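Student: Residue numbers (the numbering used here), protein chains in the order written: chain A, 1 to 647; chain B, 1 to 298.
Don't read these hints as lab results, they were simulated from the structure.
Given the structure is predicted, the values throughout are model-derived calculations rather than measurements.
Certain hints may be false.
As the list claims (entries may be wrong) - Each computed SDA-like pair below joins lysine to any residue, with the alpha-carbon atoms no more than 25 Å apart: (1) A/LYS218 x A/MET4; (2) A/LYS218 x A/GLY476; (3) B/LYS197 x A/ARG43; (4) B/LYS197 x A/GLU47; (5) A/LYS108 x A/LEU121; (6) B/LYS197 x A/VAL40; (7) B/LYS79 x B/TRP67; (8) B/LYS197 x A/ASP48; (9) A/LYS450 x A/GLY476; (10) B/LYS197 x B/GLU224; (11) B/LYS197 x B/HIS253; (12) B/LYS197 x A/TRP42; (13) B/LYS197 x A/GLN44.
Next come the chains, spelled out residue by residue.
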Amino acid sequence: MSAMGFHGLSYWPLAALAVPVVVFYFLKLRRDRAEIPSLVLWRQVMEDRRVNSPFQRFKRNILLLLQLLLLACLCLAAMQPFFHGANGAGRHLPILIDHSASMGALDKPHGRTRLDEAKRLVRERIDNLGKTDDDRTDDQDICLIAFARDGRRLTGFTSNKRELHDALDAIEIEDVPSNPTTALQLTQALARTTGFERAELVTDGNLPEQVDAELAFKLDYRRVATAGAPPNLGITSCNAQRRADGHWEVFIGIESAAEAPASATLELVSGGHVLEQRPLQPQANGVERVSFLVPGDEAIELEARLHSDGFDALAADDRAYLVLPAIRPMRVWIAPALRAWRHAASALGGLDLHPAAGAADAGAPTTGDAKPVSYDLTITDQVSEAALPAAVRVTVGLVPPALREMITVSGEGGSSLVDYRRSDALLAHVVLDDLLVNERVSFAPGCGEKELEALGFEVLVHGDRGPLMIARSRGGALDCHLLFHSDRSTLPYRVGFPVLVANLVSAAMGATGQAESTCVSTGVLPPISIGAGQSVMVDIPGGGHIAAVADGDGVVAGVRAARAGIYHMASPGRAIDVGVGLLNATETRLGSVESVRFREVAVQASAGAIPGERALWPKLALAAILVCLAEWWYFHRRPSFSSGSPP
Amino acid sequence: MNQASARLSALLPNDVVARLERLRIQPRRKTTARGRGDHLSGRGGTSTDFADYRDYAAGDDLRFVDWNAFARLHRPYLKTFRLEEERHILILVDASRSMCFEGKLARARQLAAAFAVMGLFSNERVSVWAPGIGDGQVVRSTRGRPAMRRALTAIEGIAETGTAVPIERIVDLALAHHAGRGMAIVLSDFLSEGDVKGSFNRLFASGLETLAVQILGPTELDPEVSGDLRLVDSESQQTLDVSGLGDLMQLYHEHRARWQTELDGWCTARGGRFIATSSAESLESLLFERMRRGGWIA
Numbered sequence: 001m002s003a004m005g006f007h008g009l010s011y012w013p014l015a016a017l018a019v020p021v022v023v024f025y026f027l028k029l030r031r032d033r034a035e036i037p038s039l040v041l042w043r044q045v046m047e048d049r050r051v052n053s054p055f056q057r058f059k060r061n062i063l064l065l066l067q068l069l070l071l072a073c074l075c076l077a078a079m080q081p082f083f084h085g086a087n088g089a090g091r092h093l094p095i096l097i098d099h100s101a102s103m104g105a106l107d108k109p110h111g112r113t114r115l116d117e118a119k120r121l122v123r124e125r126i127d128n129l130g131k132t133d134d135d136r137t138d139d140q141d142i143c144l145i146a147f148a149r150d151g152r153r154l155t156g157f158t159s160n161k162r163e164l165h166d167a168l169d170a171i172e173i174e175d176v177p178s179n180p181t182t183a184l185q186l187t188q189a190l191a192r193t194t195g196f197e198r199a200e201l202v203t204d205g206n207l208p209e210q211v212d213a214e215l216a217f218k219l220d221y222r223r224v225a226t227a228g229a230p231p232n233l234g235i236t237s238c239n240a241q242r243r244a245d246g247h248w249e250v251f252i253g254i255e256s257a258a259e260a261p262a263s264a265t266l267e268l269v270s271g272g273h274v275l276e277q278r279p280l281q282p283q284a285n286g287v288e289r290v291s292f293l294v295p296g297d298e299a300i301e302l303e304a305r306l307h308s309d310g311f312d313a314l315a316a317d318d319r320a321y322l323v324l325p326a327i328r329p330m331r332v333w334i335a336p337a338l339r340a341w342r343h344a345a346s347a348l349g350g351l352d353l354h355p356a357a358g359a360a361d362a363g364a365p366t367t368g369d370a371k372p373v374s375y376d377l378t379i380t381d382q383v384s385e386a387a388l389p390a391a392v393r394v395t396v397g398l399v400p401p402a403l404r405e406m407i408t409v410s411g412e413g414g415s416s417l418v419d420y421r422r423s424d425a426l427l428a429h430v431v432l433d434d435l436l437v438n439e440r441v442s443f444a445p446g447c448g449e450k451e452l453e454a455l456g457f458e459v460l461v462h463g464d465r466g467p468l469m470i471a472r473s474r475g476g477a478l479d480c481h482l483l484f485h486s487d488r489s490t491l492p493y494r495v496g497f498p499v500l501v502a503n504l505v506s507a508a509m510g511a512t513g514q515a516e517s518t519c520v521s522t523g524v525l526p527p528i529s530i531g532a533g534q535s536v537m538v539d540i541p542g543g544g545h546i547a548a549v550a551d552g553d554g555v556v557a558g559v560r561a562a563r564a565g566i567y568h569m570a571s572p573g574r575a576i577d578v579g580v581g582l583l584n585a586t587e588t589r590l591g592s593v594e595s596v597r598f599r600e601v602a603v604q605a606s607a608g609a610i611p612g613e614r615a616l617w618p619k620l621a622l623a624a625i626l627v628c629l630a631e632w633w634y635f636h637r638r639p640s641f642s643s644g645s646p647p
Numbered sequence: 001m002n003q004a005s006a007r008l009s010a011l012l013p014n015d016v017v018a019r020l021e022r023l024r025i026q027p028r029r030k031t032t033a034r035g036r037g038d039h040l041s042g043r044g045g046t047s048t049d050f051a052d053y054r055d056y057a058a059g060d061d062l063r064f065v066d067w068n069a070f071a072r073l074h075r076p077y078l079k080t081f082r083l084e085e086e087r088h089i090l091i092l093v094d095a096s097r098s099m100c101f102e103g104k105l106a107r108a109r110q111l112a113a114a115f116a117v118m119g120l121f122s123n124e125r126v127s128v129w130a131p132g133i134g135d136g137q138v139v140r141s142t143r144g145r146p147a148m149r150r151a152l153t154a155i156e157g158i159a160e161t162g163t164a165v166p167i168e169r170i171v172d173l174a175l176a177h178h179a180g181r182g183m184a185i186v187l188s189d190f191l192s193e194g195d196v197k198g199s200f201n202r203l204f205a206s207g208l209e210t211l212a213v214q215i216l217g218p219t220e221l222d223p224e225v226s227g228d229l230r231l232v233d234s235e236s237q238q239t240l241d242v243s244g245l246g247d248l249m250q251l252y253h254e255h256r257a258r259w260q261t262e263l264d265g266w267c268t269a270r271g272g273r274f275i276a277t278s279s280a281e282s283l284e285s286l287l288f289e290r291m292r293r294g295g296w297i298a
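Next up, chain A with everything else stripped away, as it sits in the complex (with noise of 0.2 Å):
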């Protein structure tokens, strides 16, 4: 494909005027007489001059060139030629706008943000299209593709100014850290039903450095706001731990760009009240982290609110937003018969232990609507209150029913432990190498573990012929099985049981929000566990709503959150509040790589406009108005020659 091309090819007779012109110049030559005394000397002259200048009889048409020059500036303009560009050339060109949280950076104060910027530059791209008619170029397809965490199409491959401006308008910021996987996956799945070769990225640089892509065609990294990072300081993070003086204490994480401004105002806000401000003195880089404390006897919204004294470059990260249960007594189950899990939780204290001392043979307890009462965290070793509503379910001595296939227990011989996983929060801290047990756990023939995790389960515990705990998550729920009795091995007098009943008091306190509430951040709201089935509706900060559907597990899951504040979501039965913030230590320092790595190629960072076709039309109609003005110039200047006047 040639750099070059037309428009307006058929207008290339217009250079038979050339013809006429020549001939009317000749025709119509003006020359002004002047009588001078002899001419002697000039024949001299101009027989010397036709003699060393060979040009001189092109110089002394000079207005017939000027003439042939303005017919050839006109002639070419007609015909409309345009310059593919240095990266132009290709039919179809898919171009990747970045609108990430770093995006919505100003230049300056109250000036332009780098979506802006990266906008107008597409935007010239799409203008420099060439046009027809019918307001379609005949030439080249764009497809606009935004991304920010995930990659989003906003055209096909068209030609359609209006379609691309519009596409083009529609693109927001959205408050989430930057990354191009997805969208580089989108354009290489275009590419493969697109044959195009180059692709365009347009961004402000605040990528991660490695990307795990492939790509099958050229990308040009094209970087908008190269001129070093504005100042900026924002929140990173945002969590509350549980005292046991029934406080949250608050913890607030705020880091500063390259430049950050003098000073600032940390806010912590409930329901429009300001509960407490501190001052802040933030260095260039630097890292603070300031902590509040926070009643818990109540239920409470928090949101952190920074104010710069000064430019603060990035908006999205100077707020984050908490949401803390009020703090209560963990409700436990343990069964009657399980004394000595009983003995060990009643000894952690702080706990609502149920059945109650002397309540033992109550059985399964019910609400007086005859609906289960709900507990954090269940032990049981009875089948009937294994499903017990509970956020951490423990059964003792009990085969899943999933799982009664696939794992027998007897009581004749032993089972001998192999390994444990120490890493897991329920095993920390917790020593079960001298472990014996009387009980035989193995898998039945053909089965094993990687059957198990099929079904969702982790083994905790491996024993010599199958598992000895295993455990499952639900949502932000947990399901612990110890598949023999606890009352058949020496587990109650390890030394670990009392710690390994504490786990699971941690891990009943952790999946009902009582241990700690963390501010997450945007992207994607963490699962919640609801009915299997149900749906839930997901209110959106600033106004909006997601429906989405539980799975099977019940688990509702892969909820957009682009937007840092509270998400309410609420199912039948179930209202759970979530914090969003930014939280990005990349986005707030907004910095910018250089080079973006690919699997197998880098990328390097390159400025300013996206070459593309370029319209040389209005150039050359310029240069046909300069030269018809230099030609009436030179037209109208008068010829003379000074001499004397014969009598």
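Place chain B on chain A using the hints.
Tutor: Relative to chain A, chain B alone:
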């Protein structure tokens, strides 16, 4: 008495005439005619100015024997005396149409008048030639102060409209009627396509020392050409198309300088002299400074 009547001539102011009366045209060589005049000849003569002694030879006129010397030395010696001859001043004025630009012809008439005054006051035999009047002889050969007014009046009568007679033709006309050695003063722009060099040869062969004065207009010395022009020759009406671009002026100046150098060389090689002047140059500056310093007049 009005100012016009107070002037001796319309061509020259009275003070210039007064200064010219005290000056003489200085030849490089002794070019005198046979006629008796005020110029000493190289040959012996009969004037009152003693020249030398020489031995007596048979046949010498005994009247010139110095008898006092014979009485003392007993040998006859002959006294010789200098010969005084007249000199012809031939003034040739180019009155072609090319001289009718920028006051060139007027300046030629002024110079002709000036040289005539100097010649007449030096008792030379002066004649003035210019085309357009009769056979071209404006002032017939004359000498003496009384002829000055007549000569000036005749020079004033040279037509200012110009003729088609080139300078070579004037030289030929003058030499056809002239006899006698002396000086030929040629007043012209020498912008002629004829054989100017041949004219100088003929003047030299006729015993005339050539004093050539080239008179050019200011725009001929430094013309300004802009744009496309069609130049028309005032004499032949031939045309030439020029465009004021590039090195045109530089070439013109080179050719003009080369032409003047050739004229100077032709004159010098024939014992003559050459001077170029602009019609814009003042007459006093030309006569009393350049020509006087150059040894033309004294």
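Student: All hints are to be evaluated individually against the structure, with a verdict given for each.
Tutor: Taking the hints in turn, this is what the structure says about them:
1. A/LYS218 x A/MET4: holds, 21 Å
2. A/LYS218 x A/GLY476: violated, 43 Å
3. B/LYS197 x A/ARG43: Holds, because 19 Å separates the two Cα atoms, which is no more than 25 Å.
4. B/LYS197 x A/GLU47: Holds, because 22 Å separates the two Cα atoms, which is no more than 25 Å.
5. A/LYS108 x A/LEU121: With a Cα-Cα distance of about 19 Å, the restraint between A/LYS108 and A/LEU121 holds, given a limit of 25 Å.
6. B/LYS197 x A/VAL40: This hinted pair holds, its Cα atoms lying about 15 Å apart.
7. B/LYS79 x B/TRP67: Between B/LYS79 and B/TRP67 the Cα gap is close to 10 Å, so the pair holds against 25 Å.
8. B/LYS197 x A/ASP48: This hinted pair holds, its Cα atoms lying about 22 Å apart.
9. A/LYS450 x A/GLY476: holds, 23 Å
10. B/LYS197 x B/GLU224: At roughly 29 Å apart (the allowed maximum being 25 Å), B/GLU224 and B/LYS197 break the hint.
11. B/LYS197 x B/HIS253: Holds, at about 21 Å.
12. B/LYS197 x A/TRP42: holds, 20 Å
13. B/LYS197 x A/GLN44: Within the cut-off at roughly 18 Å; holds.
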